[in-house]
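*Asks:* Here is how the chains run, residue by residue.
2 protein chains.
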Amino acid sequence: MKEFNVGLLGFGTIGAGVIRVFQNNAEVMEQRLGARLTLKRVADLDITTDRGVKVDAGVLTTDAMQVLTDPEIDVVIELIGGYEPARSFVLKAIEQGKHVVTANKALLAKHGEEILSAAAAKGVDVMFEASVGGGIPVLSAIKENLCANNFRCIFGILNGTCNYILTRMTNEGADFASVLKDAQAKGYAEADPTFDVEGVDTAHKLAILVSLCFGTRIDLENISIEGISKITPLDIQFAKEFGYKIKLLAIGKRENGQVEARVHPTMIPVNYPLADVDGVFNAVRLVGDFVGPVMLYGQGAGMDATASAVMGDVMAISRNQLAGGGRRTPAMGYLPEAMVKLPVKPMRDIVSQYYLRFTALDKPGVVAKISGILGRYGIGIASMIQPERKQREAVPIVIMTHEATEAVINDALAEIDQLDVVREPSHFIRIESEME
Amino acid sequence: MKEFNVGLLGFGTIGAGVIRVFQNNAEVMEQRLGARLTLKRVADLDITTDRGVKVDAGVLTTDAMQVLTDPEIDVVIELIGGYEPARSFVLKAIEQGKHVVTANKALLAKHGEEILSAAAAKGVDVMFEASVGGGIPVLSAIKENLCANNFRCIFGILNGTCNYILTRMTNEGADFASVLKDAQAKGYAEADPTFDVEGVDTAHKLAILVSLCFGTRIDLENISIEGISKITPLDIQFAKEFGYKIKLLAIGKRENGQVEARVHPTMIPVNYPLADVDGVFNAVRLVGDFVGPVMLYGQGAGMDATASAVMGDVMAISRNQLAGGGRRTPAMGYLPEAMVKLPVKPMRDIVSQYYLRFTALDKPGVVAKISGILGRYGIGIASMIQPERKQREAVPIVIMTHEATEAVINDALAEIDQLDVVREPSHFIRIESEME
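Taken in sequence, the protein lines are chains A and B.
Under UniProt numbering, the very last position in the first sequence is 436; numbers go up by exactly one each time.
Under UniProt numbering, the very last position in the second sequence is 436; numbers go up by exactly one each time.
Keep in mind the hints are simulated off the structure, nothing from the lab.
No false leads were slipped in.
Facing chain A, a subset of chain B residues (Cβ under 7 angstroms, in silico):
#, residue
1, N25
2, M29
3, G34
4, P273
5, V294
6, G298
7, A323
8, Y334
If you're wondering where the values come from, they're calculated on a predicted model, not measured in any experiment.
Glycine included, each C-beta is placed from N, C-alpha and C at the ideal position.
Generate the whole structure from the sequences, applying the supplied hints.
*Replies:* This is the structure in structure tokens:
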């Protein structure tokens, strides 16, 4: 029986998950592949910490080169994370003619072109299903099954930490800071949570989805990013009253030769399937011109789910080799020469419905003043509530608008914030209630 | 540029959808494939009816042999449906060395082994993503990305007609017969709806999913099938009161060397993502040992969504050829020689929670009698309601049970139905509230 040798760089949490797949599921992989997958070598600077899996001493090494230069190793799995030495190791593996599987979205977002060009020159496969949505087979769905579609839009809940925090804020009425603290204690959030809660991780993943769906290269700095740290229990409460949930959404759209690419807290109707994606789960809703809406849901992180995606890629590479040819599907879904660089629509041009929250004195005429300004800017009001009465004190006034451009919303809010009855800067959250 | 020629058998609704993909999305397919796909010939007995798409007269033919024996045609798409002549045409295409794409689950359920063996002998690919879940990329997800998992269970909403009817019954409180009649008028249900509403179509699809997930062959007659025609507005109303929705679920499980394969109306908690799959949408929830739960959602039927899946398969076959080798992934997910035939667990051995509805006289001691019998059979009661009071008349009594085997439930209900206070045969619906 044909055998493929695999080398693993990085014996952390996901690395341990990958080792467990080799140990537990060798039989089913062989029955599905018709070849044997062998984990030949595992490299990590720390090979003494107990990760809950037993690895033969002969397999472990502290020297990555023992993986990268072993001529018997066919596939290298990179699970180190970060930019360096991950980048150098991946390039070295490619140079040595090895196929590469990685879950490293930061590496792909920053050095993707360099890595994919090197792989093309050398004729090896680079796969990265685990980099977006963890165990959810979303990249393959786009590149393979749905590839006869022109995609119209992408809506993703792509960061488990944010979704866990928002879910608990929603269920418990708790505030961001206290839930974050508890999430950190439970291991659902990093000690420095910025990368997750400020939406950067979600943006890295959106960049990959936008490229795969729309065939366009996109720079991270062209993605508008807003995290969840400013969401208050009050906003969540009002959302509920209007029939919405707040989720951190990655949104990608293509229309008239432009793309939208943005990450921000978003209100979505409670009866939408995406609204029920709670806790650490992730989901992606894609809309293609023929398939219509498709939603893929599952665990976006965690050692086992991520290991499932990594090993799916290892199996795909092995199948390519068995069938007689690799590089079967372009890494970014389109041939490199067909990729374009579409302009990214500035945020001020995007069109959305908005949730507006004002903090204004409770006295006659205030609502008329605010709605008068909105009216002058041509912003239609879908509904309005002022739930509290506290004469001559500041109370929240919430207005749900019809569609408007963000430029107009910004201008109207700036003018409203000048009113002497308005006591705090006004606040808005975008609403997505179409998703088609 | 390399070109692949495609022949289409069957110019019905889905056929027209496929033609539209060729007409509208030639560019994106070329950019993703690096080759040109050409629809060389379309065969149908009726080539005069207007299907809303324009096809060159030279492409249309009434003679299927002009597709099947044209040496320039690489891939044949079979969209005739049914057993014959679909089976003969598919076998002929294979004999002529052509790859085949089909959406015909009935054909696969009945003649799958014959067709796949012929394809193996001839070295061609047979793909059928559109046969289950329409546009949802579920078969590929199992065969490709999730293939390092041992699957534990499958839960599927796989028939749009049933889901449409149940959704309207739920939203409107209407009864089965009137919604069915309206669904027929609107074209969402066939004139003879038996195949859909009695669960046979769902069972065909479950048979394919069980084979792909568990690596076991399963005969249709070993699948327990119960449709939705006996579901009443009363059951739907009670389900709602207990926090459940009723869906026609396809359920597959593997445990201890046995499989479960059954299709029946099922109560699922309203806050589960599957509960929000409404109208003609389909969804599949799969649970793998590493990936955990994954849900895939989309349009399970319709000309465009199905055409998307068909063309995804055509692209996959073309990519195999461009990369230098077909037959990359086993058609049933496992190598044929690794497929087994696991015993199917008899229904009396399945374990579930149950919704029990009794129709009994409203008089003191009735609930005690019923619950006494349940208690003697060791059936735990989770909750009970008797919402109406109509002294000395028959009223519904509903009991939600803890887990019990179906054998015990059947025996207990038989005994309860002997009580003189019980006025109609008792009725049960299975509950799935774990799905892991």
